[in-house]
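Take these sequences, add in the hints, and give me the full structure.
Residue numbers (the working numbering), protein chains in the order written: chain A, 1 to 365; chain B, 366 to 731.
To be clear, the hints were calculated from the coordinates, so they are not data collected in a lab.
Hints should not be assumed to be uniformly reliable.
[What the hints assert, rightly or not] When the alpha-carbon atoms are kept at most 27 Å apart in a straight line, the in silico DSSO-like pairs for lysine-lysine are as follows:
id: 1; chain 1: A; residue 1: K299; chain 2: B; residue 2: K591
id: 2; chain 1: B; residue 1: K419; chain 2: B; residue 2: K616
id: 3; chain 1: B; residue 1: K561; chain 2: B; residue 2: K461
id: 4; chain 1: B; residue 1: K591; chain 2: A; residue 2: K90
id: 5; chain 1: B; residue 1: K675; chain 2: B; residue 2: K709
id: 6; chain 1: B; residue 1: K628; chain 2: B; residue 2: K497
id: 7; chain 1: B; residue 1: K709; chain 2: A; residue 2: K90
id: 8; chain 1: A; residue 1: K299; chain 2: B; residue 2: K516
id: 9; chain 1: B; residue 1: K469; chain 2: A; residue 2: K90
id: 10; chain 1: B; residue 1: K561; chain 2: A; residue 2: K299
id: 11; chain 1: A; residue 1: K299; chain 2: B; residue 2: K564
id: 12; chain 1: B; residue 1: K709; chain 2: B; residue 2: K469
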Amino acid sequence: MSRSNQSRHGATKAPAAPAATAATAAEVATAAVAATAAVAATAAVAATAAKDPSDRVFSAFVAAMSAVVILLVIGFVLLLTADSMQSIRKFGFEFITGSVWNPVNTEINRMDFGALPFIFGTVVTSVIALLIATPLALGSAIFVTEYAPSWLGKPVSFIIELLVAIPSVAYGIWGLFVLVPLMRDSVEPFLQDILGQVPVLGALVDGPPFGQDLLTGGVILSIMILPTILSLSKEIIAQVPRLQKEGMLALGATRWEVLSQAILPYAPSGIIGAAMLGLARAIGETMAVTMVIGNSSSKISASLLTPGYTIASAIANQFTEADSPVYFSAIVELGLVLLLVASAFNIVSRFLIARLAKKTEAADA
Amino acid sequence: MKKIAAVLGLGALVAAATIAQAVPGSGLVTAGVADEAKSLTGAGGTFPAVLYTKWFSEYAKLTGVQVNYQAIGSGGGIKSISDMTVDFGASDAPMKDDQLAATKGGALLHIPTTMGAVVPTYNIPELSKSKKVLRFTADTLAGIYLGEITKWNDPKLVADNPELAKIDRYIIVVHRSDGSGTTNIWTSYLTAVSDKWAKTVGYGTSVQWPVGLGGKGNEGVSGNVKQTRYSIGYVEEAYAVQNKLPVAQVKNAAGNWMDPTAKAVSAAAAGVTLPADLRIMMVNSANPEAWPVSGFTWLLVYQQQTDPAKSLALTRLLWWCLHDGQAYAEKLLYVPLPVDAIKKAEVLLKSITINGAQALPAELSK
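Right, here's the structure in full:
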């Protein structure tokens, strides 16, 4: 199930093929995991069932197709590594821990490339997006599949899924002219009013509200990944066996009881998977974020109201005019780092899903 | 006169004769010649792309030579020509010495094609109705972008703009987030006028900004300035004109308050000593009539060409751009090169060789 969902995700994303290498990086990371699984599965099938020649031909055919995908990923990683060698040699591990990104040599400040502000921005905005989008998407998915009459549910999910088709630059323009003023003049002052005096949370909303900051970046991302998470969660909820639900109802359970005891316990790994696919999109998203995040790598601060920068925006912004070989190489290395961040998220989610699956099994036994 | 010429177009000989008066040396390329290559490729900066697109489409009508120009950015243009994957590159920033040393095809020439100006724009609601624009000096601009002048009512600003005395607000600084020739001109200017800027930030297509928000592209910066009260930003002059943004006056090196008119921008490269290779940022020009934040944009070509057909097509194209092409600049909100610069560029053009001989046809270079 999760595999078909992933390829579906790939299909919806493909037409909007982003200009930057970065966006592709995150997608490829997702695709790579899917492809590995695919090859393993075909190999297993081939070993057990392929007696019939047509079967054998077909399994070889599909195996070849997934091999192509994997080769693409490998080629991609090799190319990124080769092009970033100069920067890797020069900066080593400090590329990841350093927080100064200075492409110009001056008397006082040497040229230096440290990606930490970008990594920080990417992780923070993606997590904000996930925290906002997952409950919204899950809520809508439950409403659409379980509560809404079908004359209402279908158009609602159709409209939400339409959000996928909006190009990211359109989100960016909307973000810059509508969302940014709204955040600056209403939402952020409001958050400061209610959270400002609270000890730890206060630090999250410290500083003057610019409207162009990590929080706004996260909000726009949450809108963009909402449809992905929604459509996957919807399918997952729909796949809960009918018998299980009807059994609960027959026992006199209320709708809420069916939902909380028969449906949701069945679905958590799928929902986490859906959220992670949304996350993959958020990590690689470039244009919309660039237009609202403030693009400033000058400081890393706990406040979500600080202007920030993401890896993907940095690549998109600086790639075309990177005018010295080291600079160019550092930008390519950013692509590599993005791939690593995406893989890290992927690994964590696999781990989570595996843990959950074990738990459910234990509970069933 | 130039405008009339542009309207008539270049197809007719009559028009060609008119243009000849605009820039001496115009009207010499009238049709394609048999031995020249019928297609050329180039890549580089986005800033001159609009002008280049117009030029190359007119040039194709005139001579049948198709020029394919890809606006991939100056960095990309430099890389492409250094690797010899294109026939010419284009850049808004002059190449550095180590870059020039690393080219695959030997010496690269910088042929200036047009000029651009960068202007400060701002948003102060209290002044939106005022007809008078703000005035900045080199000192105040550097102070603001260094984060040292943080409020609009700073005494240094009030000294030139008494109307700011009541504006007790923090200045929100906006800069470009993407690498760009615009940023290169702006930071080159700040480097030229401020010691502290030169030592801590320096100049380039992207720099490490001490303060401020980054907007993507000219539209990102102007969008930010438009909707952020008490902000200041910098954009290409053409962009400010088209979008009717308030454009500040800047005091030039001679101490005159200047508006960024086409004349003032062109003056930046006139009446001053230009180096023979024309590899120079024109900022803070000594000309008393000059807008101080101006710069060239260049086409990059190899001095020693290897393909006779291409070298013929390329040198003829460059000649046409330097002369006839200038007539298109103003209409598209670019600034034509002053004659001094064209003369120097002609010398460079004549120095291009093929098999040891001058590549530019003799009937053009006489």
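Do the hints match the structure? See the list:
1. A:K299 x B:K591: holds (25 Å)
2. B:K419 x B:K616: Roughly 34 Å separates the two Cα atoms, so the pair is violated.
3. B:K561 x B:K461: Status holds; Cα separation ~22 Å.
4. B:K591 x A:K90: Given pair K591 of chain B, K90 of chain A is violated - Cα atoms ~41 Å apart, limit 27 Å.
5. B:K675 x B:K709: holds (23 Å)
6. B:K628 x B:K497: holds (21 Å)
7. B:K709 x A:K90: The hint is violated at about 40 Å.
8. A:K299 x B:K516: holds (21 Å)
9. B:K469 x A:K90: The hint holds at about 24 Å.
10. B:K561 x A:K299: Holds. K561 of chain B to K299 of chain A sits at ~21 Å (cutoff 27 Å).
11. A:K299 x B:K564: holds (20 Å)
12. B:K709 x B:K469: holds (25 Å)
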